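Student: Protein sequence lines, in the order shown, are assigned to chains B and W. One point on numbering: in the UniProt record's numbering, the residue at position 124 of the first sequence is 124, and numbering is uninterrupted. One point on numbering: in the UniProt record's numbering, the residue at position 152 of the second sequence is 152, and numbering is uninterrupted.
It cannot be assumed that every hint is accurate.
[Stated by the list, open to error] With a straight-line Cα cutoff of 25 Å, these simulated DSS-like cross-link-like pairs (lysine-lysine) come out:
1) Lys31/W to Lys140/B
2) Lys149/W to Lys83/W
3) Lys149/W to Lys221/W
4) Lys149/B to Lys221/B
5) Lys4/B to Lys31/B
6) Lys83/B to Lys134/B
7) Lys4/W to Lys31/W
8) Lys31/W to Lys134/B
9) Lys31/B to Lys4/W
10) Lys31/B to Lys140/W
The set of hints was computed from the structure by calculation and includes no laboratory data. All of these numbers come straight from a predicted model, not from anything done at the bench.
Protein chains: 2
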Amino acid sequence: MADKVLVTSRFGRSMLGRFAERFALLETAGKPADQVFGAAELADVRALLTMGGQPLGRETFEMLPALGAVICYGTGYDGVDLKAAAERGIVVGNSPGANASAVADLALALLLALMRRVLPADAYVRAGGWSGAKPSPMLKPPRGLTGAKVGVYGIGEIGRKIATRVAGFETEVAYHSRSRHDVPYRYIGDLGELVDWCDVLLVAVRAGPDTENIIDAEMLKRLGPNGVLVNISRGSVIDQPALIAALRDGTIAGAGLDVYAQEPYAPDALAEFPNVVLTPHIGGHTLEAHVAMQDCVIANLAAYFEGRPLPYPVEA
Amino acid sequence: MADKVLVTSRFGRSMLGRFAERFALLETAGKPADQVFGAAELADVRALLTMGGQPLGRETFEMLPALGAVICYGTGYDGVDLKAAAERGIVVGNSPGANASAVADLALALLLALMRRVLPADAYVRAGGWSGAKPSPMLKPPRGLTGAKVGVYGIGEIGRKIATRVAGFETEVAYHSRSRHDVPYRYIGDLGELVDWCDVLLVAVRAGPDTENIIDAEMLKRLGPNGVLVNISRGSVIDQPALIAALRDGTIAGAGLDVYAQEPYAPDALAEFPNVVLTPHIGGHTLEAHVAMQDCVIANLAAYFEGRPLPYPVEA
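Can you build the whole structure from these sequences, using the hints too?
Tutor: Have a look at this one:
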């Protein structure tokens with residue numbers, strides 16, 4: 001019989017197909033496991049598959065007496081209570097870097113769409129404004145990327161790939177992270193100084209308790225009225241109400257967001273701004289990235305069920 | 001008295017401001033010059049400022065007996081009848097490369113927005129589809145850029161800048177132009193072979209009689225059902241009705257267009273497709289690019305009125 005894997009996040013059909021070929025999947029579709037399955041069914045579940053950003057801790061672990069492995073689909077594991085897992089001897093795995101290229105690509109997609117006003121431009125053309133020679137903010141040239149000062153916050157695999165890409169656009173790139181890394185960009189040891197310096201702030205830091213709401217009202221003020229912000233990391237890194245206020249009163253020029261404080265939920269206030277680009281957490285969402293992430297998940301699950309160490313463990 | 005410059009294209013206020021400080025501008029706002037100004041007023045016009053893509057030839061030249069210089073704002077000069085100008089001894093100038101970075105940036109903006117479905121994704125979030133967990137094509141991961149074969153058609157200044165940028169996205173880049181250039185990308189001597197090979201075709205060729213409708217129904221068929229097309233060059237390079245048919249019946253996967261067969265006019269049929277991104281010829285439309293282009297225009301006009309050769313002449 002195939003090994004059981006409890007799936008606690010909502011995944012698309014195309015994502016689960018390869019897992020279903022090798023494992024017996026028990027899907028809760030986001031509901032508490034004990035609302036969907038009986039205790040007998042859950043008693044011998046040894047592995048759990050989750051989106052790393054979704055809360056997962058003691059409450060769920062207690063429903064699963066045999067649980068020994070939590071495998072995150074993707075890079076993130078910020079939703080997983082690592083302490084609770086360690087106490088139970090549950091190993092935690094992820095898919096490090098498997099979607100880094102796709103996420104970095106989306107960061108640039110958001111940045112370029114925002115700075116070059118691709119969304120209002122497209123709407124203007126489609127509505128016939130261009131052919132009708134209607135006045136439009138489109139006629140006023142925006143600030144472009146050439147010569148812009150770009151600050152990358154977080155220089156892990158995704159941050160590095162973002163830096164490589166954006167440097168190709170004739171920009172000046174600097175970064176901040178807890179320590180200096182071996183990358184060909186200027187290191188700024190203080191986040192506030194990076195924000196003061198840059199025109200464009202790209203948030204790629206790994207989310208955690210130490211980064212919660214670190215981009216707050218004060219930081220947004222320091223980014224300034226010509227500054228733009230792109231976040232492909234986690235919504236928790238930005239004080240979302242402060243961001244909404246900053247967009248409303250022109251404290252910053254605009255924002256490109258793939259992640260939000262509470263997903264799947266982008267506040268209505270954000271959706272009203274013309275100077276934002278909003279995507280529904282699709283950073284790692286490409287065919288290639290999914291195949292790479294699935295490879296990591298399958299390798300982690302196979303190793304666990306065969307009694308071997310996880311090839312892609314989360315380093316606590 | 002300031003030297004007269006006839007302005008035959010429609011320019012935004014912000015674009016003309018710097019010229020008005022130095023020259024006496026006579027604006028036709030796109031109308032035939034003799035409908036706006038009397039013959040006496042036009043008699044001593046020695047220089048003309050135009051968007052290079054707009055038709056300009058004998059008919060206008062005949063209204064301007066003293067005309068000696070046609071200065072194009074931007075890189076293009078495909079609308080100017082160079083033969084007619086040469087016969088009259090009229091010199092033609094442009095702003096070579098001044099907007100190349102901005103145009104290359106927009107090519108990437110269109111490509112990324114198209115491939116990562118940024119426009120439908122933004123609409124999905126704003127309309128509440130994401131928070132309502134509504135089914136959406138967004139849930140099906142698209143093909144991303146990682147590992148994609150990217151064909152750049154035309155390797156002038158813009159094509160080179162596009163190639164540099166897109167190579168940073170972990171793609172494989174090849175190019176076609178009339179001859180091999182000293183660039184670190186694979187040269188494919190036949191356009192059709194480039195199109196057969198690539199997943200993404202970026203059109204950056206200089207428009208002219210030899211490239212008219214060169215991307216035709218046959219080429220689009222060779223690009224294929226997974227192929228995407230981005231054009232930031234001129235609409236004339238693509239057989240637009242063939243492109244519309246190819247988008248309608250799935251002959252190609254999608255298109256990002258900044259330029260059209262007849263501007264300012266994007267066909268209604270295009271505006272109905274979800275798999276296109278349409279911008280109103282804003283490739284060179286950034287503050288930095290405008291300043292650089294204006295510098296070229298001013299240098300060309302100043303030289304001409306002082307009897308010096310144009311610093312930025314069009315090489316016929």
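Student: Next step is simple, just say for each hint if it's right about the structure.
Tutor: Evaluation of the provided hints:
Between Lys31/W and Lys140/B, the direct Cα distance comes to roughly 22 Å. Compliance with the 25 Å bound is thereby established for this hinted pair. Note on Lys149/W and Lys83/W: the hinted pairing is violated, with a Cα-Cα distance of about 39 Å set against a maximum of 25 Å. Our distance criterion of 25 Å between C-alpha atoms is met by Lys149/W and Lys221/W, whose separation comes to about 17 Å. Among the hinted pairs, Lys149/B with Lys221/B is consistent with the structure: their alpha-carbon atoms are about 17 Å apart, no more than 25 Å.
The hinted pair formed by Lys4/B and Lys31/B meets the criterion: a straight-line CA distance of about 18 Å does not exceed 25 Å. This hinted pair does not check out: Lys83/B and Lys134/B have alpha carbons roughly 59 Å apart, beyond 25 Å. Between Lys4/W and Lys31/W the CA atoms are separated by roughly 18 Å; this keeps the pair inside 25 Å, and the hint holds. Proposed proximity of Lys31/W and Lys134/B is supported: the alpha carbons are some 17 Å apart, at most 25 Å.
For a cut-off of 25 Å, the pair hint linking Lys31/B to Lys4/W is broken: about 74 Å separates their Cα positions. Note on Lys31/B and Lys140/W: the hinted pairing holds, with a Cα-Cα distance of about 22 Å set against a maximum of 25 Å.
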